[in-house]
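Protein chains in written order, with numbering that gives the first Met the number 0: chain A, 0 to 396; chain B, 0 to 396; chain C, 0 to 396.
Among the clues, some could well be false.
A pair counts as met if it fits within one copy or between any two copies, since identical chains are not told apart.
[What the hints assert, rightly or not] Derived lysine-lysine pairs resembling DSS-like cross-links, with alpha carbons at most 27 Å apart: (1) Lys-358 - Lys-134; (2) Lys-134 - Lys-298; (3) Lys-252 - Lys-275; (4) Lys-340 - Lys-128; (5) Lys-275 - Lys-134; (6) Lys-298 - Lys-261; (7) Lys-298 - Lys-252; (8) Lys-320 - Lys-244; (9) Lys-293 - Lys-128.
These are computed hints drawn from the structure, not numbers from a lab. What you are looking at is a predicted structure, and each value in this text was computed from that prediction instead of being measured.
Listed here are the chains, written in short residue letters.
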Amino acid sequence: MSSIQEQVAFLAKRDLSSMYLQDFLLTWNKSHEELLVVFQTAEILRSMREQNISPRIFDSGLAISNFRDNSTRTRFSFASAANLLGLQVQDLDEGKSQIAHGETVRETANMISFMADVIGIRDDMYIGKGHSYMKEVAQSVQQGYDEGVLEQRPTLVNLQCDMDHPTQSMADMLHLINHFGGIDQLKGKKIAMSWAYSPSYGKPLSVPQGIVGLMTRFGMDVSLAHPEGYEIMSEVEILATENSKVSGGSFTKTNNMDEAFKDADIVYPKSWAPFKAMEQRTDFYDNNDFEGIKELEGKLLKQNALHTDWECTEERMKLTKGGEALYMHCLPADITGVSCKQGEVEASVFDRYRVPLYKEASFKPYIIAAMMFLGRVKNPAEMLDLLLNQEARRTAH
Amino acid sequence: MSSIQEQVAFLAKRDLSSMYLQDFLLTWNKSHEELLVVFQTAEILRSMREQNISPRIFDSGLAISNFRDNSTRTRFSFASAANLLGLQVQDLDEGKSQIAHGETVRETANMISFMADVIGIRDDMYIGKGHSYMKEVAQSVQQGYDEGVLEQRPTLVNLQCDMDHPTQSMADMLHLINHFGGIDQLKGKKIAMSWAYSPSYGKPLSVPQGIVGLMTRFGMDVSLAHPEGYEIMSEVEILATENSKVSGGSFTKTNNMDEAFKDADIVYPKSWAPFKAMEQRTDFYDNNDFEGIKELEGKLLKQNALHTDWECTEERMKLTKGGEALYMHCLPADITGVSCKQGEVEASVFDRYRVPLYKEASFKPYIIAAMMFLGRVKNPAEMLDLLLNQEARRTAH
Amino acid sequence: MSSIQEQVAFLAKRDLSSMYLQDFLLTWNKSHEELLVVFQTAEILRSMREQNISPRIFDSGLAISNFRDNSTRTRFSFASAANLLGLQVQDLDEGKSQIAHGETVRETANMISFMADVIGIRDDMYIGKGHSYMKEVAQSVQQGYDEGVLEQRPTLVNLQCDMDHPTQSMADMLHLINHFGGIDQLKGKKIAMSWAYSPSYGKPLSVPQGIVGLMTRFGMDVSLAHPEGYEIMSEVEILATENSKVSGGSFTKTNNMDEAFKDADIVYPKSWAPFKAMEQRTDFYDNNDFEGIKELEGKLLKQNALHTDWECTEERMKLTKGGEALYMHCLPADITGVSCKQGEVEASVFDRYRVPLYKEASFKPYIIAAMMFLGRVKNPAEMLDLLLNQEARRTAH
Chain A
0 MSSIQEQVAF
10 LAKRDLSSMY
20 LQDFLLTWNK
30 SHEELLVVFQ
40 TAEILRSMRE
50 QNISPRIFDS
60 GLAISNFRDN
70 STRTRFSFAS
80 AANLLGLQVQ
90 DLDEGKSQIA
100 HGETVRETAN
110 MISFMADVIG
120 IRDDMYIGKG
130 HSYMKEVAQS
140 VQQGYDEGVL
150 EQRPTLVNLQ
160 CDMDHPTQSM
170 ADMLHLINHF
180 GGIDQLKGKK
190 IAMSWAYSPS
200 YGKPLSVPQG
210 IVGLMTRFGM
220 DVSLAHPEGY
230 EIMSEVEILA
240 TENSKVSGGS
250 FTKTNNMDEA
260 FKDADIVYPK
270 SWAPFKAMEQ
280 RTDFYDNNDF
290 EGIKELEGKL
300 LKQNALHTDW
310 ECTEERMKLT
320 KGGEALYMHC
330 LPADITGVSC
340 KQGEVEASVF
350 DRYRVPLYKE
360 ASFKPYIIAA
370 MMFLGRVKNP
380 AEMLDLLLNQ
390 EARRTAH
Chain B
0 MSSIQEQVAF
10 LAKRDLSSMY
20 LQDFLLTWNK
30 SHEELLVVFQ
40 TAEILRSMRE
50 QNISPRIFDS
60 GLAISNFRDN
70 STRTRFSFAS
80 AANLLGLQVQ
90 DLDEGKSQIA
100 HGETVRETAN
110 MISFMADVIG
120 IRDDMYIGKG
130 HSYMKEVAQS
140 VQQGYDEGVL
150 EQRPTLVNLQ
160 CDMDHPTQSM
170 ADMLHLINHF
180 GGIDQLKGKK
190 IAMSWAYSPS
200 YGKPLSVPQG
210 IVGLMTRFGM
220 DVSLAHPEGY
230 EIMSEVEILA
240 TENSKVSGGS
250 FTKTNNMDEA
260 FKDADIVYPK
270 SWAPFKAMEQ
280 RTDFYDNNDF
290 EGIKELEGKL
300 LKQNALHTDW
310 ECTEERMKLT
320 KGGEALYMHC
330 LPADITGVSC
340 KQGEVEASVF
350 DRYRVPLYKE
360 ASFKPYIIAA
370 MMFLGRVKNP
380 AEMLDLLLNQ
390 EARRTAH
Chain C
0 MSSIQEQVAF
10 LAKRDLSSMY
20 LQDFLLTWNK
30 SHEELLVVFQ
40 TAEILRSMRE
50 QNISPRIFDS
60 GLAISNFRDN
70 STRTRFSFAS
80 AANLLGLQVQ
90 DLDEGKSQIA
100 HGETVRETAN
110 MISFMADVIG
120 IRDDMYIGKG
130 HSYMKEVAQS
140 VQQGYDEGVL
150 EQRPTLVNLQ
160 CDMDHPTQSM
170 ADMLHLINHF
180 GGIDQLKGKK
190 IAMSWAYSPS
200 YGKPLSVPQG
210 IVGLMTRFGM
220 DVSLAHPEGY
230 EIMSEVEILA
240 TENSKVSGGS
250 FTKTNNMDEA
260 FKDADIVYPK
270 SWAPFKAMEQ
280 RTDFYDNNDF
290 EGIKELEGKL
300 LKQNALHTDW
310 ECTEERMKLT
320 KGGEALYMHC
330 LPADITGVSC
340 KQGEVEASVF
350 DRYRVPLYKE
360 ASFKPYIIAA
370 MMFLGRVKNP
380 AEMLDLLLNQ
390 EARRTAH
């Protein structure tokens, strides 16, 4: 790999101004150039840390997190990224707050942001809710900043919504770039984004949506496979089709897992909930019908159980290019005989790919750090140069 | 506004030694001079941050928080202030601790304070409890320090007790100072601290008590209004009367909201629980009678419901000076038709004052930071000078 | 006490390389030399902080904590130590994570460690579980590091397991070293590690095991006293016997509290659960029989209640050397008439030793900081010299 200085010089040639003070909510609202800049910045931050150079740009400041759904990987990635840049994570635990009183999103967003540089939100449980909520928070802090209430306009980072999971898909993509030796190497590569059976709860659609929404932009052949009824949002399918036209790749759909796996360079077998069920769930939620949500969950697991054959087996892996496709997963996976009786993937397949899977996950802290960095620094290349020259050490040892 | 240097020079003329290593529990235990010093320090810290100058004085150290009641605004303000000065917040979550074993306050206070520079406590639920608890903690850490157990004597900051809510009232006051263009401009201004109807739980009395206990010291005409039975602590009424004699203002009481609003320059309509009920609540608590507390809550909401006409309406706002009084609230407010069916304030009034309300809240992190700063720094003016000269940046951008 | 420089010069003569990148799980897996190095480093870090010299060696980095049992003292000690060295605590709250999905220890350990320098774990509830879990985490991050998944290999610190409580026993030992004026002064001193009655739950065995496992290494006469049925793990008894042979001390057992107290220089009366019951508890746990655990708890309290006379009374204290043995406890103690009707210690005894007890606890943050420091710094003496010379202040005041 080229030296950090060379990478920064390369970055300096790009248009870097457009992400300053902007949020990162959906990859499809970002330009091709902007995505490349995130990848490069993430790589540079990683190299710096590996060489024990501190990229700390904040002496103080808060990174607010608001997790409306459980999280380990993303929570720790967010905390790692914030800490690396010098921000202090402050978690908005809605259970311990006074928010139950019924205060508005606008008010809460301003109240927590007086010294916030970054806000990270996970809100992935209800179709039509998460992204809307993030937009409302973004508008609220923008308004607060414009009205002189806030001294800085915090940058929002989407830590998973109902539509997209950009810190995941971007980390996945950076993994592919590293694995295949460059972004240009991805042109013409086939990726199977496939549904897989899971005995656990109705998982969000944001990962498959994020993957097809992003990977179609880089000339890849994206094959989306799932049983009938497990469609993803049609908006994302439409933009995936458009993306592939522009990028010279393709976007196809199938109800046959084998077909998707056939000659694939990469497979991403992962469970998600049926779209219609997710919509129903939102209705129940709107009516505070938690009994209904519980009942639906039961139905949904039964529906899933009709498709236990959607598993990433050794047998199926043989269908892929040379039998050696790269297996991907956002983790944790439901591994047959390990974390459940029958699940998304055969244990021997998972185990064979354990190291690349963990490496895949290792990019997320840097992707998030890059999103934060680019949202808070006006001249990123100049700043990185400065950081390299001042040679502050991350750890003295 | 004058330059930061001028502000610091002005501060340097005051007696600054008296707050060093002292707690901030009740505004009425602080001298007039001390309150002015807090306001000025808060303004200076705000100006520094706005100009991207870091006021960080700690390389390490903990700021312990102990929230015995829910909090969003104060929690984030405390975290922001601690972080700005370089302290790490460590929350004492009594549920996750071993404190249930029945250990003494003295012991816990010492055990958490070995590396603590600041302790912030919210304990506002029971009349006669919160302030006593804080004093016990203060005595405990003082004793620990005197006995050589603690290497430093942490400074306590009252984040709301049963008697006072000094970080709120001081932030409110600083808002008024900024709004009216100086502390001298507040002389002769009329403020209506009025009860207002709320359908929610029995709220603490610390805000109205904090407001009348503080604002009577600056020559303001403070009118306290509430239905019969909603008296505040008599000790605070007595000191409000004394304060007003000294400051040249006045303190009056009425059971008529209109009378309080009449010609007011400022209105602060806010719900609180009937004093007698709060005392009963403490008795129930002492007897571990949580059923009794629940029952009382029901009675209390019924009692409140007799006074739904105590609302800050557009109609009532017309009674104020020129119909243009400044509307204040500690937030979150119970807004009619927004956060509840009928509440403290008409939606259009609240909305008209939204920006000043948010600005009011924005002073709290700086008030808390000033309290921390003055409790930990022996020569505050000298230190601020030093910080200005060293020109460390809060954020590189 | 000698100057810090002298202490560092003294430390420089020792073999310091062996603890670099190593975990601290059990004192009995550490050499005599290594234990001395921890004590000295802890003392140096304490002196530095007292003289307001910052020992911060990290510009960023996470210290992960995973408390599978309640904690106040150790939680705050860990947070204090991490903060002193510049690390940010990130708590792995298994309730808020996705770990319930059934993911493997290996996976979670890697997922949280991408930017982790230290991992602290408390897992003390089940015999045969805690230490095994820590070893599994240690192996996992070692493997992750070896495979290129992790950029650094985090150091594990045992914050209490089923076998040992090294941060407690080492802090206790450092207290003794300071109290008696040097480690050589401990030779021939008699310590009574005695069971004592408690009305509260079945407490872990790690404290008595930690004490007899450590103190027998320094030539002390360790007398372990408990009622029949309250044996500690036989492995620890065996190594205590071996230790005492090497160190020139002794290890004896008795079922008579008075016998242990007789002529003791130090007494450590503390409740723990019967070993057999703890084993049963593990079986119940393995079978998810939480009803069984609850029932067992009842039986166990009844069994305890047969031994209420095992109390550290004034009367018993008179049996000790000159009636003036040093009373120790890991806190919180069950104090008769204070935290319970009848407990481990008479109130007047506890109160008389309150200051030394708090001082005993005050060593824990420094012991943990020393363990972290030695695990992360290749040349500790050189680094301490550097830190002394650069004279960074912990707090500007």
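Each hint, compared with the structure:
no. : hint              : verdict
1   : Lys-358 - Lys-134 : between (31 Å within a copy, 22 Å between copies)
2   : Lys-134 - Lys-298 : neither (32 Å within a copy, 41 Å between copies)
3   : Lys-252 - Lys-275 : within (18 Å within a copy, 60 Å between copies)
4   : Lys-340 - Lys-128 : between (33 Å within a copy, 24 Å between copies)
5   : Lys-275 - Lys-134 : within (24 Å within a copy, 45 Å between copies)
6   : Lys-298 - Lys-261 : neither (32 Å within a copy, 62 Å between copies)
7   : Lys-298 - Lys-252 : within (25 Å within a copy, 62 Å between copies)
8   : Lys-320 - Lys-244 : within (24 Å within a copy, 66 Å between copies)
9   : Lys-293 - Lys-128 : within (19 Å within a copy, 34 Å between copies)
Hint check: violations occur at hints 2, 6; the rest are consistent with the structure.
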